[in-house]
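Single-letter residue listing:
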Amino acid sequence: MSEPSTALPESFEIVTRQDFSDVTYLLEFRHPMMAKAAQPGQFVIVMSHAHGERIPLTIADFDRAKGTVTLVIQAVGKTTREMQQTCKVGARLHAVVGPMGIPSHVGKAKKVLCVGGGLGVAPVFPQARAHKENGAKVIGVLGFRTKDLIFWDDKFAKVCDELIVCTDDGSAGLKGLVTLGIDKAFEKHPDIDEVVAIGPPVMMKGCVEATRPRKVKTMVSLNPVMVDGTGMCGGCRVKVGDKVLFACVDGPDFDGHLVDFDDLSHRLKRYATTEKEALEHWNESCRIRGHADLAVK
Amino acid sequence: MAKKKTIRTIPQERTPMREQDPKERARNFAEVACGYRLEDAMREAERCLMCPEEPCIKGCPVNINIPAFIKKITEKNYRGAYDTITDANLLPAICGRVCPQENQCEGRCTVGDTLEPVAIGRLERFIGDMAIAEGWENVPYVEPNRFRVGIVGSGPSGMACAADMAKAGCDVTVYEAFQEAGGVLKYGIPDFRLPNGVIDAEIAKLVKLGIKFKCNTLVGRLFTVEQMVTEMGYDAVFIGVGAGYPSFMGIPGESLNGVLSANELLTRCNLMHARDFPNYDTPIDLGRRVAVIGAGNTAMDALRVSLRMGAEEVHCIYRRSKAEAPARAEEIHHAGEEGVQFHWLTTPVALLDNGKNGVKGMRCQRMELGEPDDSGRRRPVPVPGSEYEFDCDTVVYAIGTNANPIIGQTSKLKLNKWGYIDADENLATSIQGVYAGGDIVTGAATVIQAMGAGRKAASAMKAYLGLRDSEAVYQAESTGSDGKLFGIELSERNHARLRLG
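Protein chains in written order, with this note's numbering: chain A, 1 to 297; chain B, 1 to 501.
Just so you know, the hints here were simulated from the structure itself, not pulled from any lab data.
A portion of the hints provided could be inaccurate.
To be verified - Covered stretches of chain A, going by a simulated chain B footprint (3 or more residues, C-beta under 8 Å):
1. 32-39
2. 44-56
3. 92-98
4. 222-231
5. 235-249
6. 269-276
It should be emphasised that the depicted structure is a prediction, and the values quoted were computed from it without experimental measurement.
Backbone N, C-alpha and C define an ideal beta-carbon position, used for all residues, glycine too.
With the sequences and hints as input, model every part of the structure.
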């Protein structure tokens, strides 16, 4: 009989911090119960401090033996930039809840193409690994803007039978977008029976348009604006086919061929003005505290 | 003893409660109703006839012995009044504020047959607030038993169930998905109706009872209900997760930015403090002209929060008339005083795009009332050719909620066709030892109804665990010299126990 109070930490200690670039960083925090429960495709909601906002982040990895969960974060707004400064090894997150969402369906697919774009490379990893463990042949396509932003290609190499890296500027791997990698993969493997694509909405849209004529099932993971992550606020509603669904409890994985990505892109800009305001306010307070050098202009 | 009171000898007018000036309060989050002063409470308590029928008790979902606590107020025994209330309800400062008393205790009050009913809710709040101010606690001696009880959800039903199970001697753990306990009381009901400090004070009393609150825990996903009763060793589990999945209408334009659910608006403003943005990080994107669809209590909260967030105009759009509005009359009155504009017999048919993925207005249609429908209310029917456009930049949906799907997705619990948990008359579910109550069983209702369900489930859970009813456990300890326990005749208690058994 396990006593839940010992397994459930009151705050969540960061045990690993790794910086992939100026803007992309990895956090691994201790939460044995969550590590045990987590499945590929699920996400967590993090609140870094008591005045913070709740932000959804897809789980990038989990280690059941170590009892840790890994997130890869891009410093784009106030909260993620602030976390970039404060989330060092030994620091504690105010709140982490999860795993949330319906786990990815790892079915009978024999040959799976796992496509990650930018930050999306991280959450596609557990899916690639799960398909591999399930006996499928896994082909990875990872896309980055430039060579310096590449991360986890080594990690993917271990779970992929083939790996294609693309960069927008051609500084590493193929020169071009992930859709070029998808075309290459299909040329060689016309029998790919499932595609998983995770990344920015525009990238996922490109991926589903690349696979639509090939009629191959393509799953995407959506990360719209949400508050609670438990189906309560409805902020994360997305258009999928003729339905309006909540990404937090009906997803976050959906059939990419049915998703309205334009709607998703518009809705992601809901708080553009206030987000900018928050960032400016924070930059200003950083300056006042004499940390102007740390604030991103 | 005192002379017999009659309807002619009691104060005829209901004692008013001081309120913040509408103009002023519409711009702040401080509490609207300031509460009774001592002299107000004394005067109002005198209005109770102490009638032998005691219809108010039957009107109370948790059966507070109302005449007994009012009598104690008249005797200036405020602590005794508190003990009487907390015997049935550990959260008087909350219930005194948010119960729809006009349909419950006050709705049945004998005085109310002739005059305005006794202001039972205000008296309850008076005692609850005094208890918080004075630091009173009603922590009985509890003989611990060997049972562990898990509660899923820290809202009103979970809290009420937890309190009863803890009083029965069980080791109780309450799980909450948010970072703070309180459920709808915290994220939903705004501070100007129920200050967060009051909720925290009441929760602190539950902690004193030995109840453990575990936040940041999404039951179903972190562990399942089945795991709770198997590997985690809970002898009984209560599920009170609410019905928070908000409804939309499915009309064009709902995915425009500027369209949100009342749940989202309220959660951002209340729990996440968006009203203090950017000192708190959570933003809210309210515009200048806010339209809230619906006329329930949640709609009133959304309307009044919008005013306080600085909206210039706040409109309530409801397809039926004022008489059918589900909100408490007091809430509608308060909202109107603060400047909310009501559009009765009006329904939106489309939300209009401002060209930048935002809202520029809504196309509305006038309605008229036709034949009564299943709910007994007259069905609104569209008036042909009555469509018109109405300017607004924010649209808030407060038209009800559906069952939260997570427990259904992650357990084998039997659900009904609407996705609510199927529970029998004792609130037992299809899994042995697992009980459920509140909105997740009945659909959206009120705080006190959820508390009533939590207590009812607790009673069944005690029977399931083979526990005598909790009162018996500390009977020996608390028996006073007057043969009363918390002001109730012990013989009466025995009767109550037999009835429950």
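Comparing the hints with the structure gives:
| no. | hint | verdict |
| --- | --- | --- |
| 1 | 32-39 | holds (count 3) |
| 2 | 44-56 | holds (count 5) |
| 3 | 92-98 | holds (count 5) |
| 4 | 222-231 | holds (count 5) |
| 5 | 235-249 | holds (count 6) |
| 6 | 269-276 | holds (count 6) |
Checked against the numbered hints above, the structure breaks none of them.
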